[in-house]
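Model the full assembly from the supplied sequences, consistent with the hints where possible.
Protein chains: 2
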Amino acid sequence: MAKILDGKALSTLILGELKARIARLKRAPCVAFVLAGDNPASVAYVTKKGEAAASIGIQSRLEKLPANASEATLIATVQKLAVDKEVDGILVQAPLPAGVCPTNVFNAVPADKDVDGFSAHNLGLLAQDRPEAFVACTPLGVLELLRRNNIPIQGKHVVVIGRSLIVGRPLATLLGQREAWANATVTSANKETENLPALARSADILITATGHPELVKADWVKPGATVIDVGQCRVADATRKSGYRLCGDVDFDAVEKIAGAITPVPGGVGPMTIAMLMQNTVKAAELHQ
Amino acid sequence: MAKILDGKALSTLILGELKARIARLKRAPCVAFVLAGDNPASVAYVTKKGEAAASIGIQSRLEKLPANASEATLIATVQKLAVDKEVDGILVQAPLPAGVCPTNVFNAVPADKDVDGFSAHNLGLLAQDRPEAFVACTPLGVLELLRRNNIPIQGKHVVVIGRSLIVGRPLATLLGQREAWANATVTSANKETENLPALARSADILITATGHPELVKADWVKPGATVIDVGQCRVADATRKSGYRLCGDVDFDAVEKIAGAITPVPGGVGPMTIAMLMQNTVKAAELHQ
Numbered sequence: 594m595a596k597i598l599d600g601k602a603l604s605t606l607i608l609g610e611l612k613a614r615i616a617r618l619k620r621a622p623c624v625a626f627v628l629a630g631d632n633p634a635s636v637a638y639v640t641k642k643g644e645a646a647a648s649i650g651i652q653s654r655l656e657k658l659p660a661n662a663s664e665a666t667l668i669a670t671v672q673k674l675a676v677d678k679e680v681d682g683i684l685v686q687a688p689l690p691a692g693v694c695p696t697n698v699f700n701a702v703p704a705d706k707d708v709d710g711f712s713a714h715n716l717g718l719l720a721q722d723r724p725e726a727f728v729a730c731t732p733l734g735v736l737e738l739l740r741r742n743n744i745p746i747q748g749k750h751v752v753v754i755g756r757s758l759i760v761g762r763p764l765a766t767l768l769g770q771r772e773a774w775a776n777a778t779v780t781s782a783n784k785e786t787e788n789l790p791a792l793a794r795s796a797d798i799l800i801t802a803t804g805h806p807e808l809v810k811a812d813w814v815k816p817g818a819t820v821i822d823v824g825q826c827r828v829a830d831a832t833r834k835s836g837y838r839l840c841g842d843v844d845f846d847a848v849e850k851i852a853g854a855i856t857p858v859p860g861g862v863g864p865m866t867i868a869m870l871m872q873n874t875v876k877a878a879e880l881h882q
Numbered sequence: 594m595a596k597i598l599d600g601k602a603l604s605t606l607i608l609g610e611l612k613a614r615i616a617r618l619k620r621a622p623c624v625a626f627v628l629a630g631d632n633p634a635s636v637a638y639v640t641k642k643g644e645a646a647a648s649i650g651i652q653s654r655l656e657k658l659p660a661n662a663s664e665a666t667l668i669a670t671v672q673k674l675a676v677d678k679e680v681d682g683i684l685v686q687a688p689l690p691a692g693v694c695p696t697n698v699f700n701a702v703p704a705d706k707d708v709d710g711f712s713a714h715n716l717g718l719l720a721q722d723r724p725e726a727f728v729a730c731t732p733l734g735v736l737e738l739l740r741r742n743n744i745p746i747q748g749k750h751v752v753v754i755g756r757s758l759i760v761g762r763p764l765a766t767l768l769g770q771r772e773a774w775a776n777a778t779v780t781s782a783n784k785e786t787e788n789l790p791a792l793a794r795s796a797d798i799l800i801t802a803t804g805h806p807e808l809v810k811a812d813w814v815k816p817g818a819t820v821i822d823v824g825q826c827r828v829a830d831a832t833r834k835s836g837y838r839l840c841g842d843v844d845f846d847a848v849e850k851i852a853g854a855i856t857p858v859p860g861g862v863g864p865m866t867i868a869m870l871m872q873n874t875v876k877a878a879e880l881h882q
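Residue numbers (this note's numbering), protein chains in the order written: chain A, 594 to 882; chain B, 594 to 882.
Treat the hints loosely; a few may be bogus.
Stated by the list, open to error - Cross-link-like lysine-lysine pairs, in silico, BS3-like; alpha carbons within 30 Å at most:
hint	chain 1	residue 1	chain 2	residue 2
1	B	641	B	815
2	B	784	A	815
3	A	815	A	834
4	A	784	A	619
5	B	612	B	673
6	B	850	B	784
7	B	815	A	815
8	A	810	B	815
9	A	784	A	815
10	A	784	A	810
11	A	784	B	784
12	A	784	B	612
13	B	810	A	815
14	A	850	A	596
15	B	641	B	673
16	A	810	A	601
17	A	612	A	850
18	B	876	B	673
Stated by the list, open to error - For each label pair, taking beta carbons as the anchor points, the in silico distance ranges come out as:
hint	chain 1	residue 1	chain 2	residue 2	range
19	B	740	A	788	43 to 53 Å
20	A	816	B	640	54 to 64 Å
21	A	618	B	879	46 to 56 Å
22	A	697	B	747	25 to 35 Å
23	A	725	B	660	52 to 62 Å
24	B	606	A	816	46 to 56 Å
25	B	661	A	771	19 to 29 Å
26	A	665	B	805	48 to 58 Å
27	B	804	A	788	25 to 35 Å
28	A	631	B	747	31 to 41 Å
To be clear, the hints were calculated from the coordinates, so they are not data collected in a lab.
In this text, a Cβ means the ideal position worked out from N, Cα and C, and glycines have one as well.
Now the structure itself:
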């Protein structure tokens, strides 16, 4: 049976480390969430992020906008927060209202408050191997999960399924950085990939971020490989009080028997993403002191 | 025998197309070259680029700096060109003097004059799939060489050996764009890659940009694969008047017998890079009209 990569326990450890960094700051860091509408998943994410912040002494602020907020309104809200000296980080919660271009909004976030790392400038700094880049939280969380579990990355073949701006693309760049903690050979796969199961089976580290429940089957995995499941779908489940359960991209029960290490859903990548948001907020606050 | 992908002929065709776009502009486009020192290869590149520009009615300007120019001097030169309304494009010729951080200089080039596409902002726009991104010339040239020779890219496995800011990294991103002309599955390999020959052999399109003469042997290539050689090393050769010959990353004579299509060196990617610099300059001039 695979080793379970426990993101919940690791995120608790990291939050504790951040608390010590926060204690050395002159004032408490502050992160602002911009939320348009009341999509239940988005509200739940923002709530969780606010709770994690509060638990370690990071202030948070919620800018609520109507579900039909325009691109101009979203950008104006970001610009107001951009010049607010009390705000260290700005996070625009996806998905954005229909008709709004996400990258137009993300690119309005100034580089030094871009704790989500989605702006063109930070994506470019990442591509330039520059350490001041703010890197997207899920990719950073995946890297930390691998590093702190001593899973070798350098020289290994990593297959990333999915090429979103938020996960797949920055993750591929991050793991291919010219650094001893990275230096992976990275394949970026997508919907059009031919022979995806065979490609996946060639991976030493298989990372999936597609949102297709249980896409990855046991015969997609090389025995002993590390499997990182970024998927988080809500699947209807009448036996749960909430009416749904979270389901990843991986057929966990079958793959767990083949893999060397695997993340659970929930309790794997999800908590790491939140911890990395806190880490980016502390990094921003350290810049702003 | 493989089909020879003739970059010289294709670049001539493209330069002709650009001439027609230039004829529709109100004034001639202008590209400025910043050159520190007199490294013979750098001088030769800048001269070639200037000649190509002149041949289609693009003006060029050379800002010559001493070989030991400081980072501050380079950045000041770029900033002077940035505010010059007659300059459409700025190219800082690498390699830069010892002690100068190349990305500090590249990031001083304003996005709309960044005809080399090396600034963080343009690298980020590329990662965001935004069409206004200025994309580095060699990656663009490789894409054009594939497209105009009707070599299928979508769904195919592309292996890129080398992850420089100038070629490997933007090329991997470009070929993985969410576009019908891209949509490749892209593996980015580097010095640390384990089993590189086997990985290379799995490629439908193998692109090498390492600067290691004749690194890629016949048994690295899947029969029928397309092989793109970005390497351009000067190897001493007493039989030539110049004292050297250009040598690519690929053992051409052996690989030509295996591959389905292959670029020669010289006459493959090199002329395409120059044509794409002209294309980027025309794109910038169209923005500035």
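* To do: Decide if the proposed pair is consistent with the structure: residue 810 of chain B and residue 815 of chain A, CA atoms, cutoff 30 Å inclusive.
  => Judged against 30 Å, a Cα distance of about 28 Å means the pair holds.
* **Distance restraint hint 46 to 56 Å, applied to the beta-carbon atoms of residue 606 of chain B and residue 816 of chain A** => 51 Å, holds
* Asked: Does 48 to 58 Å hold as the CB distance between residue 665 of chain A and residue 805 of chain B, or does it fail?
  -> 52 Å, holds
* **Restraint status (C-alpha distance of residue 784 of chain A to residue 815 of chain A at most 30 Å)** => 21 Å, holds
* Satisfaction of the hinted span 52 to 62 Å by the C-beta atoms belonging to residue 725 of chain A and residue 660 of chain B -> This hint is violated: roughly 29 Å between Cβ atoms.
* Does the structure keep residue 784 of chain A and residue 619 of chain A at a Cα separation of 30 Å or less? -> 48 Å, violated
* **Distance restraint between residue 810 of chain A and residue 815 of chain B, which requires alpha-carbon spacing of 30 Å or less** => Status holds; Cα separation ~28 Å.
* To do: Mind checking the alpha carbons of residue 784 of chain A and residue 810 of chain A for me, to see if they're no more than 30 Å apart?
  => 16 Å, holds
* Asked: Does the structure keep residue 784 of chain A and residue 784 of chain B at a Cα separation of 30 Å or less?
  -> 29 Å, holds
* Is the hinted range of 31 to 41 Å satisfied by the C-beta distance from residue 631 of chain A to residue 747 of chain B? -> 39 Å, holds
* For the pair supplied as a hint, residue 612 of chain A and residue 850 of chain A, is the alpha-carbon distance within the 30 Å limit? -> Given pair residue 612 of chain A, residue 850 of chain A is violated - Cα atoms ~37 Å apart, limit 30 Å.
* Keeping to a limit of 30 Å between CA atoms, is the pair of residue 876 of chain B and residue 673 of chain B held or broken? -> Holds - the C-alpha atoms of residue 673 of chain B and residue 876 of chain B are around 21 Å apart, at most 30 Å.
Checked against the numbered hints above, the structure breaks hints 1, 3, 4, 12, 17, 19, 23 and satisfies the rest.
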